[in-house]
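Colleague: Could you build the full structure based on these sequences and the hints that come with them?
Protein chains: 2
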Amino acid sequence: MGERLTIALDAMGGDNAPDIVIDGANLALTRFPQVDFLLFGPEPKLSAMLEKLPKLRDRARIVHTDAVVAGDAKPSIALRNGRQSSMRLAINAVQEGHAAGVVSAGNTGALMAMAKLVLRTLPGIDRPAICSFFPTLRGESVMLDLGANIDCDADNLFQFAVMGEVFSRTVLGLARPTVGLLNVGAEDQKGHESIRVAGQRLRDAGLPIAFHGFIEGNDIAAGTVDVIVTDGFTGNVALKTAEGTVKLFSQSLRSAFQSSPLASIGYFFARPALHKLRRRLDPRRYNGAVFLGLNGIAVKSHGGADALGFANAIGVAVDMALHGFLDKVREEFQHLHPSFGSTPAVVAP
Amino acid sequence: MGERLTIALDAMGGDNAPDIVIDGANLALTRFPQVDFLLFGPEPKLSAMLEKLPKLRDRARIVHTDAVVAGDAKPSIALRNGRQSSMRLAINAVQEGHAAGVVSAGNTGALMAMAKLVLRTLPGIDRPAICSFFPTLRGESVMLDLGANIDCDADNLFQFAVMGEVFSRTVLGLARPTVGLLNVGAEDQKGHESIRVAGQRLRDAGLPIAFHGFIEGNDIAAGTVDVIVTDGFTGNVALKTAEGTVKLFSQSLRSAFQSSPLASIGYFFARPALHKLRRRLDPRRYNGAVFLGLNGIAVKSHGGADALGFANAIGVAVDMALHGFLDKVREEFQHLHPSFGSTPAVVAP
Chain A
4 MGERLTIALD
14 AMGGDNAPDI
24 VIDGANLALT
34 RFPQVDFLLF
44 GPEPKLSAML
54 EKLPKLRDRA
64 RIVHTDAVVA
74 GDAKPSIALR
84 NGRQSSMRLA
94 INAVQEGHAA
104 GVVSAGNTGA
114 LMAMAKLVLR
124 TLPGIDRPAI
134 CSFFPTLRGE
144 SVMLDLGANI
154 DCDADNLFQF
164 AVMGEVFSRT
174 VLGLARPTVG
184 LLNVGAEDQK
194 GHESIRVAGQ
204 RLRDAGLPIA
214 FHGFIEGNDI
224 AAGTVDVIVT
234 DGFTGNVALK
244 TAEGTVKLFS
254 QSLRSAFQSS
264 PLASIGYFFA
274 RPALHKLRRR
284 LDPRRYNGAV
294 FLGLNGIAVK
304 SHGGADALGF
314 ANAIGVAVDM
324 ALHGFLDKVR
334 EEFQHLHPSF
344 GSTPAVVAP
Chain B
4 MGERLTIALD
14 AMGGDNAPDI
24 VIDGANLALT
34 RFPQVDFLLF
44 GPEPKLSAML
54 EKLPKLRDRA
64 RIVHTDAVVA
74 GDAKPSIALR
84 NGRQSSMRLA
94 INAVQEGHAA
104 GVVSAGNTGA
114 LMAMAKLVLR
124 TLPGIDRPAI
134 CSFFPTLRGE
144 SVMLDLGANI
154 DCDADNLFQF
164 AVMGEVFSRT
174 VLGLARPTVG
184 LLNVGAEDQK
194 GHESIRVAGQ
204 RLRDAGLPIA
214 FHGFIEGNDI
224 AAGTVDVIVT
234 DGFTGNVALK
244 TAEGTVKLFS
254 QSLRSAFQSS
264 PLASIGYFFA
274 RPALHKLRRR
284 LDPRRYNGAV
294 FLGLNGIAVK
304 SHGGADALGF
314 ANAIGVAVDM
324 ALHGFLDKVR
334 EEFQHLHPSF
344 GSTPAVVAP
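Read top to bottom, the protein sequences are chains A and B.
If you want the numbering used here, it's the position in the first sequence, counting the first as 1, plus 3.
If you want the numbering used here, it's the position in the second sequence, counting the first as 1, plus 3.
In short, the hints are calculated from the structure, not lab data.
Incorrect hints may have been included.
[What the hints assert, rightly or not] Keeping only pairs whose Cα atoms sit at most 20 Å apart, straight-line, the calculated SDA-like set for lysine to any residue is: (1) B:250 with A:255; (2) B:77 with A:196; (3) B:250 with B:136.
Modeller: Now the structure itself:
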């Protein structure tokens, strides 16, 4: 069965917690039989749920707490008042070495703030970034940052590029992932100064990174590069714009099939193929945003995820642990350090 | 037949000029019989083309020039060397009062630079913005800026909001268009300072604007507001991300229909409905990006537009002229001026 590992779960995070957390863990077990779980939340409730899932019950230990971080709590408030919360205790378990990673579907800002405080950033990294998967015409790509850092300087973008490349190489298994900086044109003089400086450094640094150069918004879904690097504001807008566009297209397609009896017949015949399409673009498949740049594995599930989506988020944490992502990023930044540490901060936004 | 008006066309701008320009003008004539055209480009070539289109020939006058702005020319070079170009002469025609507006499918940066230089910005407006239409779940919305201004301060965003609202009200005929600022969350403390300050001013200014507040990327396609205001970097990325996503979805849908004989049968029956869907999301329908904030009407067609797309871009210029857009924006900023002019520039990026 190979290496065993333990994942800490914030059982009370997300719109449909603890149900999707428990059912998601149960689903994940079939894919990753080597995983044990630490479940943080109210013991009576959780143990009653485990009664019906004997396989999971044997592989999970409940750590009791009644405190929960509210979905709309400000990060600063959550930090101060949430020291005994299910979210915080699950993160602590990673820091204390009891778990290889933590997964939560709770409040993103609070999770990031707590993870930063407890796990700290890796040497050479100023700020962690949120990184996630995208379906593309060529397969799938990763993009970071998706919202942790609203304002980013050239150093941040440079560090995101290195982290994203290592993530794509080690966790997704790409031999030589290509990296692009999101911009409004391919030419050198385009975009914010921070992007231009980061681009220059990625070209000049002599890194073993396949830096593609600048890409544009349409390159995201085209899969032009494997790793898309951007600031948290732009990444968040792009991610949500893409989600909204898929929704518009899906709903328009549904209306089209319902618009006439002939179209309904068409739907009947095309249904299996359309289901395959829906599966391919299913956001649940791409659930699990990784906080890259911390001394520990922390994965954020979408707050509205169902059990299948939550199981995929667990899968991301497990993959990162199994592939030794943290050690590889540490190595990469150690190599970089001589040239990297001496670079003055060029841009202050 | 009502008011007559003249539109100046850069006959040599775009990937497929002058063909799509001439055919587009011919198409536009059926929709707008009151329009005359000034065609800027090489006389021999254009007059040979008009020979085959007698209806258009009677309504078009050719102004000869052999000079053309290259599609990849830097704006500064185009400004200096393009004084006799078809693009520049077409813009001059608006400034000189020979045409009510100009339409070009040429180099965007050059067109914006020349239009700014020749037409100048309206009183009260620091920088013009690129504004265009989007299909949404509710119908259609407009978004600005789509790429003219990479860095925007609170003043710029505030002015874009006012211009976009007037555009939506007068040209699209909405009685009380809603306006939203694109951000990464709805809460007051979210996003760049420029956005927060612009939001505060739109709330406090006592304007007759239905200011919705902050919106997120997914609100664009949802049609949550009629007017989406953002800086040129974010707007450009969002626009292209949406375009790329539609392409991913369309191509995946096509593959799905070709994936099995049953699916092909389904496509056969659903075809009319799917064509309707394609028409609704057809980018040609939304062709024609407006340069808002200038003393004159300037519309940019997509460089790869076909005749139908170019005709729609002409339609946007005609609609703006017929609805007296410029006068209405001037009025609006005159009303604003007392409070508006005294506001100190709060944010310097």
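Colleague: Could you work out which earlier hints the structure fails to respect and list their numbers in ascending sequence?
Modeller: none
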